[in-house]
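Colleague: Chains as they are written, first to last, in the numbering used here: chain A, 1 to 179; chain B, 1 to 179.
Note that these hints are calculated values from the structure, not bench results.
Be aware that a few hints might be false.
Identical chains share a label here; the pair holds if one copy fits it or two copies do between them.
Unchecked claim - Derived DMTMM-like pairs (lysine to aspartate or glutamate); straight-line CA-CA distance at most 20 angstroms:
hint, residue 1, residue 2
1, Lys48, Glu3
2, Lys48, Glu125
3, Lys21, Glu134
4, Lys44, Asp143
5, Lys170, Asp143
6, Lys44, Glu89
7, Lys170, Glu93
8, Lys44, Glu132
9, Lys21, Glu132
10, Lys21, Glu57
11, Lys21, Asp110
12, Lys21, Asp36
13, Lys48, Asp92
14, Lys170, Asp72
15, Lys170, Asp144
There are 2 protein chains.
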Amino acid sequence: MLELAILGFLYEQPLHGYELKRRVAHLTGHVRPIADGTLYPAIKRLEKAGLLSRQTEPGTRAAPRHVLTLTDVGREDLRRRLREADGVEISDENHWFTVLAFLRHLEDPDQQAAVLRRRLAFLQEPSSFFYEGERPLGAEEFDDPFRQGLLAIARATSRTELHWLDTTLKALTSEAGTN
Amino acid sequence: MLELAILGFLYEQPLHGYELKRRVAHLTGHVRPIADGTLYPAIKRLEKAGLLSRQTEPGTRAAPRHVLTLTDVGREDLRRRLREADGVEISDENHWFTVLAFLRHLEDPDQQAAVLRRRLAFLQEPSSFFYEGERPLGAEEFDDPFRQGLLAIARATSRTELHWLDTTLKALTSEAGTN
DNA sequence: AGACTATACATCGGCTCCGATATATAGAAG
DNA sequence: CTTCTATATATCGGAGCCGATGTATAGTCT
């Protein structure tokens with residue numbers, strides 16, 4: 001997820017580590033700072049894999065900035081990661097939001113629609129948070145307000161997203177038809 | 001988060017590992033299976049820390065079940081974790097949902113309200129997913145439907161949760177007042 | 001009869017993440 | 001003048017998570 005976010009932000013413009021840190025922190029769940037010990041090794045991994053290159057920028061006030069630029073391999077790798085997004089990337093809220101943030105970079109509307117359809121299929125699977133044996137429990141079956149809230153929030157989110165998926169998928173497929 | 005979920009489910013009734021696995025999978029983001037290599041070491045950790053005890057149940061069809069029961073130390077530890085929930089537990093959606101699922105076990109309404117207030121404070125911090133320098137970017141400033149959807153979904157979730165927090169906090173504080 | 005699936009627990013290697021720590025500079029606050 | 005904060009990068013140890021693999025049994029499907 002972190003790697004996807006790094007590649008996604010760099011796809012738009014070269015950035016140095018510190019700025020990347022700020023942007024990723026904002027993106028992942030509203031300002032949850034990512035640790036230095038997480039970011040810099042991740043950058044190194046991506047550099048080692050040939051997905052990005054760094055140029056040391058002279059004349060800054062603190063330690064010299066390393067401006068990071070995606071290589072062509074890196075650009076293709078981001079598109080591949082978006083295209084093949086599945087599993088946790090589809091089902092986990094944080095991962096999915098990261099995919100969504102950069103799905104614009106996957107230029108083909110058909111490919112974008114395919115990813116959205118996987119998310120749609122996931123959301124349409126009947127599922128509940130709590131079970132009594134095999135039977136799913138609804139919000140009205142809890143007397144405590146916390147689980148009621150939990151389900152109410154989840155339902156509101158789901159409803160909004162399903163509506164958005166519906167309209168966006170229609171737009172994407174009609175767009176693909178006219179091209 | 002996994003440990004909190006294990007303690008939370010066991011607080012209600014003793015369960016064996018396999019059943020725990022099913023329940024945790026349902027709770028964390030709608031059926032995302034947790035790996036065996038994650039669950040069983042976690043159980044061992046909690047057992048080693050004296051938070052739960054196991055009794056081998058004979059006469060089952062596969063490998064013998066280990067029924068897990070929370071110790072008194074474990075019960076107090078869950079309440080402590082809930083009471084002191086902060087940081088990632090408040091800000092991260094998955095973690096927060098886990099806290100919410102078991103907040104019922106924190107019997108004192110004042111303590112429950114204190115946790116909800118931390119979440120409220122977090123949600124009320126102005127924050128956006130994307131920035132242009134210092135300026136937060138709104139949904140209407142994106143021409144791609146994906147970031148628009150991202151913000152729309154996040155706003156719907158936030159609105160629902162804020163409304164729920166408001167009514168629940170009022171109920172909890174009036175309840176505390178009458179006791 | 002043989003294969004597959006569900007149940008049930010366990011271990012191991014590899015990878016990632018986090019917190020702590022270190023280094024260094026520039027500007028603001030006291 | 002010193003301290004604090006922000007900027008900026010880097011490393012290291014510890015811990016947790018995951019995927020793969022192993023063991024074992026009972027029922028179902030072919």
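Colleague: Given a CA cutoff of 20 angstroms, do Lys21 and Glu57 count as a within-copy pair, a between-copy pair, both, or neither?
Modeller: within (17 angstroms within a copy, 50 angstroms between copies)
Colleague: Treating 20 angstroms as the Cα threshold, decide for Lys48 and Asp92: within, between, both or neither.
Modeller: neither (28 angstroms within a copy, 30 angstroms between copies)
Colleague: Is the C-alpha distance from Lys170 to Asp143 at most 20 angstroms within one copy, between copies, in both cases, or in neither?
Modeller: Answer is between: at 17 angstroms across copies they meet the 20 angstroms cutoff, but 40 angstroms inside does not.
Colleague: Indicate which option fits the pair Lys21, Asp36 if close means a Cα-Cα distance not exceeding 20 angstroms: within, between, both or neither.
Modeller: within (8 angstroms within a copy, 33 angstroms between copies)
Colleague: Since the copies are identical, ignore which copy is meant and state whether Lys44 and Glu132 lie within 20 angstroms (CA to CA) inside a copy, between copies, both or neither.
Modeller: Neither: 47 angstroms inside a copy, 26 angstroms across copies.
Colleague: For the identical chains here, do Lys21 and Glu134 meet the 20 angstroms Cα criterion within one copy, between copies, both, or neither?
Modeller: between (44 angstroms within a copy, 14 angstroms between copies)
Colleague: Is it within, between, both, or neither for Lys44 and Asp143, if the alpha carbons may be no more than 20 angstroms apart?
Modeller: Answer is neither: 50 angstroms inside a copy and 33 angstroms across each miss the 20 angstroms cutoff.
Colleague: Checking an output row: Lys21 and Asp110, CA cutoff 20 angstroms. Within, between, both or neither?
Modeller: The answer is neither: 32 angstroms in one copy and 37 angstroms across copies each exceed 20 angstroms.
Colleague: Give the relationship of Lys170 and Asp144 under a CA distance limit of 20 angstroms: within one copy only, between copies only, both, or neither.
Modeller: between (40 angstroms within a copy, 15 angstroms between copies)
Colleague: Between Lys21 and Glu132, at a C-alpha cutoff of 20 angstroms, which is it: within one copy, between copies, both, or neither?
Modeller: Intra 43 angstroms, inter 14 angstroms, cutoff 20 angstroms: inter-copy only.
Colleague: Could you place Lys48 and Glu3 in one of the four classes (within, between, both, neither) given a Cα distance threshold of 20 angstroms?
Modeller: within (13 angstroms within a copy, 35 angstroms between copies)
Colleague: At 20 angstroms max between alpha carbons, let me know whether Lys170 reaches Glu93 within a copy, between copies, both or neither.
Modeller: Classified as neither; 23 angstroms inside a copy, 29 angstroms across copies.
Of the numbered hints listed earlier, those contradicted by the structure are 2, 4, 6, 7, 8, 11, 13, 14.
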